[in-house]
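S.K.: Now for the letters of each chain:
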Amino acid sequence: MLTIDALTKRFGQKIAVDKASVVVDRPAMIGIIGRSGAGKSTLLRIMNRMDNATSGTITYDGTDVTGAKGAAQRAWQSRCAMIFQQFNLVPRMDVVSNVLHGTLNRRSTLSTMFSLYPQDDIHTAIDILDRLGIAEQAAKRADALSGGQQQRVAIARALMQDPEIILADEPIASLDPMNAQVVMDALRRIHEEDGRMVIANLHTLDTARRYCDRVIGMRDGRIVFDGRPDQLTTGVARDIYGAGADFSESATSTQISTLAKPGRPALVPA
Amino acid sequence: MGPPICHPKGPIMTGITAATPPDLSVIRASYLAQVQRRRLYGSLTLLIFVMLMIAGFNIADDRNAGGFWAGLGQIGDYPADVLSEAWAKRADLPVLLWKFVPALIETINIAAVSTLLGAVAGLIFSLLATRGLAPWPRLIPVFRRILDILRAIPEIVIALVLIFVLGGGPVPAMIAIALHTAGALGKMFSEVAENADLKPVEGLSSTGASWAQCMWLGVLPQVAPNYVSYGLLRFEINIRASAILGFVGAGGLGYELRNAMSWGPGRFDEAAAIFVLLFSTIVLFDQVSSRYRNRLTEGQMT
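The listed protein sequences derive, respectively, from chains A and B. Counting from 1, one number per residue, gives the positions in the first sequence under the numbering used here. Counting from 1001, one number per residue, gives the positions in the second sequence under the numbering used here.
Calculated from the structure, these hints are not laboratory results. The structure displayed is predicted, hence computed values, not measured ones. C-beta atoms are modelled at their ideal positions from N, C-alpha and C, and glycine is treated no differently. Where hints are given, some of them may not hold.
[Claimed, not checked] Computed from the model, here is a short list of chain A residues facing chain B with C-beta under 8 Å:
1. PHE114
2. ASP120
3. ILE122
4. ILE126
5. ALA135
Bound conformation, chain A alone:
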């Protein structure tokens, strides 16, 4: 289905992604973990074609999308929706308009410039918002919403694209534990109910363990682990994060239960 072959990205001297190869044969929920700077975001951005690869290929359903240009590139981008850490909504526009932005690839530039969206699309947008539990916010401005609500609007925009793949770049890194759980539950539900592939960069191990069918570990641009969550032992995690024996998993956790544990060790810099 999705094949990433020896994908490499160089920024000058620095190699951000180093010959990454991944094969996904059926829609799955995949978590990518690793330290900041390990190349997780770059990998996702190349998949969405916001950045171009230096070498290597990405193939989806037999089509090479690495070199797609113009309309073909934008068509691919609409098939693999992206969710960002900072939500990346248009702040001064209302929630439904932000969700309707998911249809931009299908509509003409002129009609969208005047916000002339078909009524069916508007209904669909509100239905998606309802599915994510924020239909009451429909008419509000996006910047009037809380972080967790904004991220759900961003997910709604992604769903509006009706994509085959959802790429989520640190979707919960700027959310509190409660909202993080709501957002991750939503992503998991989208994977299970719609059968869409979800690939998420996660900064916490326990989230990856809890929500993903498959975990990919990256370190210094290379893929150093690719397997089921239960294969992810503490030793492997230490390898991925390049941490010593003092590495504690709860140090990377944002989950409420872990945080509430008494005697939580102080955050140790890796």
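Starting from the known structure of chain A, fit chain B onto it as the hints suggest.
M.R.: Chain B only, in chain A's frame:
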């Protein structure tokens, strides 16, 4: 604009309404109504805009001596004349370019002096007109109106009046541009100064510093990169302005250009040389100042 975002009785009411979230069809209907309203306003605005365009065009076309559509076909004639004559005499171009360099220097001089004078005046006015910095807060509206007036009167009007009073030459042009620059820069400077951090000023005034000392040592270091950047932008604009003011007798390149153009055929080579000089000067200063401005604003971030 839909339901109010924050109901005054919010905290009390939510306990009751939260149990029964509004029906999806209600949300749909109210959002669609909002969309309809927005589209109505949008199309009304568009309609007014189109009507103004048509009406304005018709008035202009009626007043025009030749008529717009009749003249449209001849629009390329004059440039073609100038270009063909200049091309025929292209061997003389370097000499002509050299001949007009003094006029170019005069134009740049006018722009430079007026930018400096205008920037100094704008700086003073901007600090007097900024909330939080002004020494006499009650007079802020007065200083703002002064800046508005300076900005509102076109340079060319001031220059024409001054040329009538003082006679032709670069000084009236300089004063005219400086006045306009003071108004324009004062407004921009005061917008920048509004965002300046007041804590350093507080710190300085706690040491017994005077208002001028507080401004000079507490505010200026914060806003200097932006001020220089705006000043450079204004310098570019003023080069163009001083060239245009030459047309009304203020000297410099514009004066020479008017002479060359009104002379008609025979001196079109001079007009072409002046165009080349003016164009390349503006491009040069534009490039230099944009590079410098980029460095200033980037340097500010790091």
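S.K.: Which constraints among the numbered hints does this structure fail? Numbers only, ascending.
M.R.: As far as the earlier hints go, only 2 is violated by this structure.
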